[in-house]
Amino acid sequence: MTTTRWRAPLALALAFTLVGAACGDDSDTAEPSVTTTEAIEGSTIQMAPQDFSESKTLTEVYGQYLKAKGFDVEIQPASGFRDQVYPGLDAGDIGLIIDYTGSAGRFVDPEATPSPDSTETYDALVVILESEELAAYDYSEAEDANALVALKSWAEENDVTTISDLAGVDDVRLGAAEVCRTRADCLLGYQDLYGLDFSDFVALEYGPPLTEALSAGEVQVAQYQTTAPQLASGLFIELEDDLGLLSADNVVPVLRQDLADEYGATLADVMNELSALITTDDLIAWNVSTDIDKDESADVATAWLTEKGLL
Amino acid sequence: MIAWAAIAARGGDTDAPSNVIEWFTDLENRTNSGAIPSQAWLTIWHSALALAIVAVLALPLAVMLAHHRKAELAASWVINIGRAVPTITIVGVLVIVSLRNGFGLEPWPIVIALVLLGLPPAFTNAYAGVRGADPSAVDAAKAMGFTHAQVMRRVELPLAVPLIMAGVRTAAVQIVATEPLAAFFGGEGLGAYLRAGLADRVNGGVQVQAGALLVAGLAILAELSLLILSRIVVPRGVQVGSRSTRHRRTRSAPAPATI
Numbered sequence: 001m002t003t004t005r006w007r008a009p010l011a012l013a014l015a016f017t018l019v020g021a022a023c024g025d026d027s028d029t030a031e032p033s034v035t036t037t038e039a040i041e042g043s044t045i046q047m048a049p050q051d052f053s054e055s056k057t058l059t060e061v062y063g064q065y066l067k068a069k070g071f072d073v074e075i076q077p078a079s080g081f082r083d084q085v086y087p088g089l090d091a092g093d094i095g096l097i098i099d100y101t102g103s104a105g106r107f108v109d110p111e112a113t114p115s116p117d118s119t120e121t122y123d124a125l126v127v128i129l130e131s132e133e134l135a136a137y138d139y140s141e142a143e144d145a146n147a148l149v150a151l152k153s154w155a156e157e158n159d160v161t162t163i164s165d166l167a168g169v170d171d172v173r174l175g176a177a178e179v180c181r182t183r184a185d186c187l188l189g190y191q192d193l194y195g196l197d198f199s200d201f202v203a204l205e206y207g208p209p210l211t212e213a214l215s216a217g218e219v220q221v222a223q224y225q226t227t228a229p230q231l232a233s234g235l236f237i238e239l240e241d242d243l244g245l246l247s248a249d250n251v252v253p254v255l256r257q258d259l260a261d262e263y264g265a266t267l268a269d270v271m272n273e274l275s276a277l278i279t280t281d282d283l284i285a286w287n288v289s290t291d292i293d294k295d296e297s298a299d300v301a302t303a304w305l306t307e308k309g310l311l
Numbered sequence: 312m313i314a315w316a317a318i319a320a321r322g323g324d325t326d327a328p329s330n331v332i333e334w335f336t337d338l339e340n341r342t343n344s345g346a347i348p349s350q351a352w353l354t355i356w357h358s359a360l361a362l363a364i365v366a367v368l369a370l371p372l373a374v375m376l377a378h379h380r381k382a383e384l385a386a387s388w389v390i391n392i393g394r395a396v397p398t399i400t401i402v403g404v405l406v407i408v409s410l411r412n413g414f415g416l417e418p419w420p421i422v423i424a425l426v427l428l429g430l431p432p433a434f435t436n437a438y439a440g441v442r443g444a445d446p447s448a449v450d451a452a453k454a455m456g457f458t459h460a461q462v463m464r465r466v467e468l469p470l471a472v473p474l475i476m477a478g479v480r481t482a483a484v485q486i487v488a489t490e491p492l493a494a495f496f497g498g499e500g501l502g503a504y505l506r507a508g509l510a511d512r513v514n515g516g517v518q519v520q521a522g523a524l525l526v527a528g529l530a531i532l533a534e535l536s537l538l539i540l541s542r543i544v545v546p547r548g549v550q551v552g553s554r555s556t557r558h559r560r561t562r563s564a565p566a567p568a569t570i
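Chains A and B are the protein sequences, given in the same order. For the first sequence, the numbering used here gives the first residue as 1, with consecutive numbering after it. For the second sequence, the numbering used here gives the first residue as 312, with consecutive numbering after it.
Chain B extracted, bound-state conformation:
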């Protein structure tokens, strides 16, 4: 005689956590969807990989195009595909393509989708930053005989760094917040808690809340770490609130927006 009651009882949790705090402290109920550290690590490295690819693809291209004032329209068209097509669609399509070509379920579908998502903010900000670099500084450099590469490296880039970092931060937050999609297409990561919570009609609400909190927390962490990095990377003379920017005269072109 099959002990259905016993098997069924395993599925319905009568002592499931009833609020988010309990969910975090009650370790037993988390074995269903994996331990937080391992899921978080998966989300972190997917996001980090995507952000690194975004930086490598978008930043040099944006800086070059902005300096030489070429192909702005075509470049922003292509980059903005990431904004136009919903990321969930991209992941869904890429998963099928990846499976059919032997690349498996992870990590390429989600990483590629996240790269497409992160390109627009990173590119646009970098472009605006270089394009808006103080024209008098650029002119002075050219007058002093700087080559194109020297102008870019020693004048435009340092002046544009605040905006570039702002773009990278925006991209990072969007990437981390969207990475949970991977869990809905055969992957794992922090999205697993959202997925499991949404599927559980009785006790799922708490897990969804907890999953959402974890993702939001990680996104904030990403923003904060990049803010600290910005502090280090942005040249002192360009930072907001530094003595040279505070006393800048407004007679010439306005100071570039430093965020």
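One chain only, chain A, in its complex shape:
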């Protein structure tokens, strides 16, 4: 064999090795060791988050905990908001999601009336879900409600503390995810209930693009969430919902009725146990890790579960 004959095969082998290493599975580092728990018989629980950091972290927290308890869980990548997730639930592609009481109820039944009371909202949700063959486990005290937020400096300058105050300000641009445009508890509600006439609706990705745009003054108010790290840090303030458009939104697991029936108390007890441990401060802390420190949701979940001695 001449000296040049081995170069091509060697280069090819090297290339394959590199590609193989690059394609290696990095998620192994986040897997908790489940060597001692017995596997629980039953169908795979397919979980899917909505496309924002808090939803991903919550899904990871519940998902990893369930895996540690022996359930067969698969967490799908985020594909959108409720508009994409609920059809998946109906079709059976998704089995279990972690949602929020008020918003979920209003999404499934657009004519449901909101309530700032957590228990009332939860009870109403359970009834609404029954007709869709979905069930809900206990809700958590942790809450992340929708909120109309503004830069604190802008709000002080324009003397705005409630949503109604916006009527007296010229040129208010609203920034939100595109889905807000057709929601009764979002743009439509602000227009009809509050009588607000925004000078523009800017559709932005829910997350850093939206908060950056608000910080830069591209929009004056944004439809965001009560657990935003910028609220905790004082950069943004939440405008008071004086006419009761936005409801209580406690974290609540929603799942297919047939999945709940299959697992019964085995799954219910485990889920309720975990729900009782999560607090609103946890949500805020998770958001700071994912949105400000740019940590991965899976890692944040693992760290929190380990700290609580649950893994």
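The set of hints was computed from the structure by calculation and includes no laboratory data. Keep in mind that a hint or two might mislead.
Partial chain A-side listing against chain B, Cβ under 7 angstroms, derived [unchecked claim]: (1) Glu178; (2) Val179; (3) Asp197; (4) Asp200; (5) Val202; (6) Leu204; (7) Ala213; (8) Ala216; (9) Asp291.
Chain B is nowhere near these chain A residues, computed Cβ spacing over 12 angstroms in every case [to be verified]: (10) Glu38; (11) Pro77; (12) Phe81; (13) Thr119; (14) Leu259; (15) Ala265; (16) Glu273; (17) Leu310.
Computed, partial: chain B to chain A, Cβ under 7 angstroms [stated by the list, open to error]: (18) Ile407; (19) Leu410; (20) Leu416; (21) Gly497; (22) Arg506; (23) Ala510; (24) Arg512; (25) Gly516.
Note that the Cβ used here is the ideal one computed from N, Cα and C, for glycine as well.
Once you have looked at the hints, place chain B on chain A.
Chain B only, in chain A's frame:
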């Protein structure tokens, strides 16, 4: 008592268009995502601006480098960044950078991303066109005492124009087809229909189709207009199918590829 039913009814369109033709003819449902002319105009001027910048940056550089046979590798490396990094990533990053530095949401993030996208085809074709210009013609010109600038301007460039125009056309189509990304990052334009359609789980499919058709239509329009421009700009002797190229003898170097 809050009239939730009434508010909610505004969001769910029971008489939404059920197919693409209806969507185009039913004007009422378009007010949600803006009128077609104004959205199309935004896409057109973003694309035109990006293409103009691509032409100004890529063409002179490519012609110079090809003529002098210098720095080919380094230049194509740099230019090909546009091919390597996904445009959506570039727009996402630039939007944040732009916001933090007071440049707003439009137009710079999308225009810069589109320029990076359009540089590779324009540069590569222009380079190949000049580099592949009939060597006998170039030699003859040099023998006649033409300066570098004269060789480039009177021999290489006219011979390379077909390839250059092909590169510009490719860049234009890619730019127009990718411009809708702007709508997903706080902008508007024809991408707004795609964005609104994707967010609407009940009636969105039709809007997505309509938006896609509009974008494709605009891209085809861009290609056609540049084809017409090519006809005008390419010297008659160099055009495919002209008498001089048809009767060219194949004894010498092969004729440059004219597209």
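When the hints from earlier in the document are held up against this structure, which numbers fail? Those not satisfied are hints 3, 4, 9, 12 and 25.
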